[in-house]
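**Q** Build out the structure end to end from the sequences listed, making use of the hints.
Here the protein sequences come in this chain order: D and X. Sequential numbering of the first sequence, starting at 0, is according to numbering that gives the first Met the number 0. Sequential numbering of the second sequence, starting at 0, is according to numbering that gives the first Met the number 0.
Please keep in mind that the hints were generated in silico from the structure rather than gathered at the bench. Being a predicted model, the structure only gives us computed values, none of them experimental. Ideal Cβ placement from N, Cα and C applies to all residues, glycine included. A hint or two may mislead.
Stated by the list, open to error - Below, simulated DSS-like cross-link-like pairs (lysine-lysine); rule was C-alpha separation at most 25 Å, straight line: (1) K346(D) <-> K213(D); (2) K32(X) <-> K84(D); (3) K79(D) <-> K32(X).
Said to hold, decoys possible - Here are some chain X residues the structure puts well away from chain D; computed CB gaps all over 12 Å: (4) A19; (5) F27; (6) V260.
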Amino acid sequence: MQRLTQAGMTRRSMLKGSAYTALGTLAAPGILHAQTTELVIGCAGSHTAWMEQIVVPHMKDAIGADILFEGTKSSVNLEKMSSNKDAPYLSVVQMDDPVMIQAVEADLLTPITSGPVPNMSDLRPDAVHMDGMWCNYVQPWAGVAYNTDFKSGGVASWEDLWAPEARGQLIIPSLQNTEGMWTLFMSAMLGSGKPFSEAQYEIDAAFEKLEELKPNLLSVYTTMSQAFNLLEQAEITMLAGNFSSYTLPRKATGVPVDLAAPSEGIFAMPSGICLVKGGPNAELAEAYVNEMLGPDMQAAIADFATSVPANTTVSAGAIIPDGVPIYAPDWAFVAANRRAWIERFDKLMAI
Amino acid sequence: MTGRAERIGLLALPGLSFLAVIYALPLFMLLLKSVQIDGQFSFAEYVAFFSDSYNLSVLWRTLRVALLTTGLALIIAYPTAIIMARAKGFWLSVFLVAMVLPMSVGVVVKAFAWTILFRTRGVLNDTLMSLGITDAPIRMLFTETALIIGAANVFLPFMVLPIYAVLRQMDSRLPEAAASLGATPVFRFMNVTFPLSLPGVVAGCAFTFSLAISMYVIPSLIVGERQQTLSMLTARSFLYLRNEALGATISSILLLIAISVVLTSSWAANRLGARQ
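**A** This is how it looks when you write it as structure tokens:
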């Protein structure tokens, strides 16, 4: 005989109900994610604004995809891919070249080919890497962002970062962020006195020069949006290594910031796109990459994010400053040494 | 235990199973990872960690910040808890809402709000200068003092509520009895109220210290990468250095500190409870 509860429910039915509820709760995310038109894209946190504004509606119209973005740092995207290697949930990842090299080494990517991604054929040759393992879809340029209210003369030279009047007025990126490499390489150039092609391997000279920067440093960031906010609010006057896709759209909205192209040179930010090996919705993922490399998306992104398009049929986007060299480092050298540099940098910069 | 009590005890089984699978098992795996290098049992990562002076400075900073945060939170929380314990009706509701409502705001929002207040041109500096306390803005953001103030604010409810709960249950006639025997207010507090509230103080300190020693977002936003804590080192190890053994080692050290605090506070609370 079954004992009834006060509500007329049996103990057995109550246990069954609880079990179904628990199972339903656990299964809900899987059921909700099972939509065939959904693509989860890993991208940079700083790209989320234009990804939401431009890419999401375009992809819905062009390929019928429902896009979910996970905006974070390239290294975090790599860790997500690595941790979920056996059951990937990301279909496409947009991240920086040095991290792409690590992803290739860890066998996390599948090559992009011109069959399912025909727009790949229109890219600049230097935008396709390691036989199509990844492509650069846009290239912002990087220099020194500054507050125009408090540094009206701009930043003529990278040496301005070391100037006595910049004491406590500077934030630089950590080497955990790819843009942190620009301060390191420029320190190598200034410290060694060699041209960039040789200086990028003079890491000891770079760290010696970086140590001289400490009195001027207010902080070292890993979250760029917070550091940029401090620049906008004039808590600092200079933010080293920032790039056109972030500073120039902010400038266009009337914020008192600008991006300087110092005389020693500027850098090409390596924004790449790749297909995750074994990622869900493979065909839709290829269609997404094809659209990202196509003329419509290339023009829209290049204009919105003030970047140089990778597609040769597109004439839009950023105007590279005249009269200053633009550098692209040896990313394989960076990828091989980055972990040791991060540890050395953190110890050097610690208070 | 009787048969009925045993059957009722089975009700705890789903909860315990959930904790075992979701909490205990991953912690065990984490501990295991910290003593495994290439499949071999080894304490090499611990030796390497404690041999590096930078790691020791980070460990010391983490402990120092957690202790000072707990101390500051206690100083602010104790008088607040006394007032709450004496409040009734509408005012008690106001105090409880004031304590509980901020907990619904994300820690990122609260930490970021503090970074705004601490700015050179922020409200705190403006107030200090308008009151004539300082002549020029002082640097507050990216200092350890700012971190301790911000963290104490965020964790304050975890200190106030346990002390309030104990004070609320205290027999209010005890201090009155002491007063009738001629005890001064200070004597009554030091010899009656404070000793009776110690279990709440111990619980509040354990909560706050455990939260403060493992905080990640608050130091990341308020002091940044130049003053790393153990949690920041853990994130760096997993996400950037991709050194799982080092990350697991640092996490295990944090875990051992937290377990020590919980066990010590539990022992202290039992001793204090037994004495009363």
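**Q** Hint by hint, say whether it matches the structure.
**A** A quick look at each hint next to the structure:
Only pairs whose Cα atoms come within 25 Å are accepted, and K346(D) paired with K213(D) is accepted, the gap being roughly 12 Å. Under the criterion of a C-alpha separation no larger than 25 Å, the hint pairing K32(X) with K84(D) is consistent with the structure, at around 19 Å. Among the hinted pairs, K79(D) with K32(X) is consistent with the structure: their alpha-carbon atoms are about 19 Å apart, no more than 25 Å. Separation of A19(X) from chain D is adequate, the least Cβ-Cβ distance of about 15 Å exceeding the 12 Å criterion.
With a cut of 12 Å on Cβ distances, F27(X) stays outside the contact zone with chain D, its closest approach being about 18 Å. Listed as outside the interface, V260(X) is consistent with that label: its C-beta sits roughly 26 Å from the nearest C-beta of chain D, beyond the 12 Å cut-off.
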